[in-house]
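Q: Per my numbering, the sequence shown starts with residue 87, numbered consecutively.
Rather than coming from a laboratory, the hints here were simulated on the basis of the structure.
There could be a bad hint or two in this list.
Unchecked claim - Distance ranges between label pairs, derived from CB positions:
hint, residue 1, residue 2, range
1, 145, 198, 46 to 56 Å
2, 376, 331, 13 to 23 Å
3, 109, 160, 22 to 32 Å
4, 358, 210, 49 to 59 Å
5, 140, 376, 47 to 57 Å
6, 188, 321, 20 to 30 Å
Claimed, not checked - In silico DSSO-like links for lysine-lysine, alpha-carbon gap of 27 Å or less:
hint, residue 1, residue 2
7, 265, 369
8, 369, 165
9, 295, 320
10, 295, 238
11, 282, 223
12, 281, 295
13, 282, 295
Glycine included, each C-beta is placed from N, C-alpha and C at the ideal position.
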Amino acid sequence: MEWHQLEYFRLVAQLQHVTHAAEQLSISQPALSRSIAKLEEELGFPLFERRGKHIVLNRYGVIFLQYVERSIQEIDAGKQVIHDLIHPDYGSVSLSFLHSLGSNLVPSLLSKFRSKFPNIQFKLYQNATTLLLDQLKAGEVDLCLCSPVTTKDYMEWEPLFTEELFVVVPFGHRLAQRKSIELKEIALDPIVTFKKDYGLRILTDHFFKEVNLKPFITFEGEEILTVAGLVEAKLGVALIPHVFGLDKTNVSFLPVSKPQCQRVIGIAWTKERYLSPAAQRFKNFVIQSLS
87 MEWHQLEYFR
97 LVAQLQHVTH
107 AAEQLSISQP
117 ALSRSIAKLE
127 EELGFPLFER
137 RGKHIVLNRY
147 GVIFLQYVER
157 SIQEIDAGKQ
167 VIHDLIHPDY
177 GSVSLSFLHS
187 LGSNLVPSLL
197 SKFRSKFPNI
207 QFKLYQNATT
217 LLLDQLKAGE
227 VDLCLCSPVT
237 TKDYMEWEPL
247 FTEELFVVVP
257 FGHRLAQRKS
267 IELKEIALDP
277 IVTFKKDYGL
287 RILTDHFFKE
297 VNLKPFITFE
307 GEEILTVAGL
317 VEAKLGVALI
327 PHVFGLDKTN
337 VSFLPVSKPQ
347 CQRVIGIAWT
357 KERYLSPAAQ
367 RFKNFVIQSL
377 S
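Could you build all of it, start to finish, from the sequences and the hints given here?
A: So this is what it looks like as structure tokens:
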């Protein structure tokens with residue numbers, strides 16, 4: 087059994103069409119068919135069934151494909167490990183982070199890090215906490231800057247800093263001049279908040295439940311600046327952190343005396359998954375910079 091046979095098999099299985107696979111591989115269709123037939127002969131069982139112009143995996147092929155894909159991934163990972171050892175100052179880091187961290191914190195971190203390691207590249211993703219953790223679990227990113235409500239069994243987690251959450255009201259609101267409030271004091275106000283799978287929404291719901299507040303929600307958004315803008319437009323009040331860019335809005339930020347409202351921002355990575363030297367360097371840099 088030869089390595090190229092496994093790669094050919096995987097592509098044919100993905101495309102379910104010998105002609106199209108042969109075109110992608112830049113070989114003739116008969117040569118590809120012979121390679122698949124030889125593989126099946128060496129294995130001692132068929133891998134495909136023909137259905138018109140297409141071929142599909144049979145039940146043996148479905149099982150075998152899982153092991154082939156795993157083997158190819160392991161080989162690629164091994165090649166990457168060795169490449170990283172040979173070239174420790176090069177490589178790339180895939181980083182995901184919350185929307186609220188993208189306006190100031192992440193650009194600042196990347197600028198400072200790349201001044202020291204200019205040859206390390208980044209692939210960046212912004213999303214809600216739930217989707218960020220899905221990416222991390224799937225191995226789509228190396229590191230994640232987020233605020234999980236609870237840690238997951240597949241992840242390592244290092245807290246970095248704590249953000250206070252404020253009740254935000256528009257200028258002219260009955261509470262706007264207060265130095266602090268209790269959360270229950272907004273029980274009769276309409277609420278501007280976030281979509282249900284967002285970390286800030288999960289936290290907001292938790293704090294509301296803690297004081298037996300049943301919110302009347304007027305809008306569910308995705309970004310803090312949008313939520314603050316709707317508060318400014320007097321569509322409701324919100325519970326949000328004070329992030330970069332909010333100083334220019336006509337809203338008042340009121341500290342909450344009861345209960346304590348805050349979120350923890352940290353960096354997460356996946357247990358037992360290889361982190362390249364580039365990713366390790368950036369992780370350590372972030373922890374040293376923010377902890």
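Q: Going through the earlier hints one by one, which of them does the structure break, listed in rising order?
A: 4 and 7
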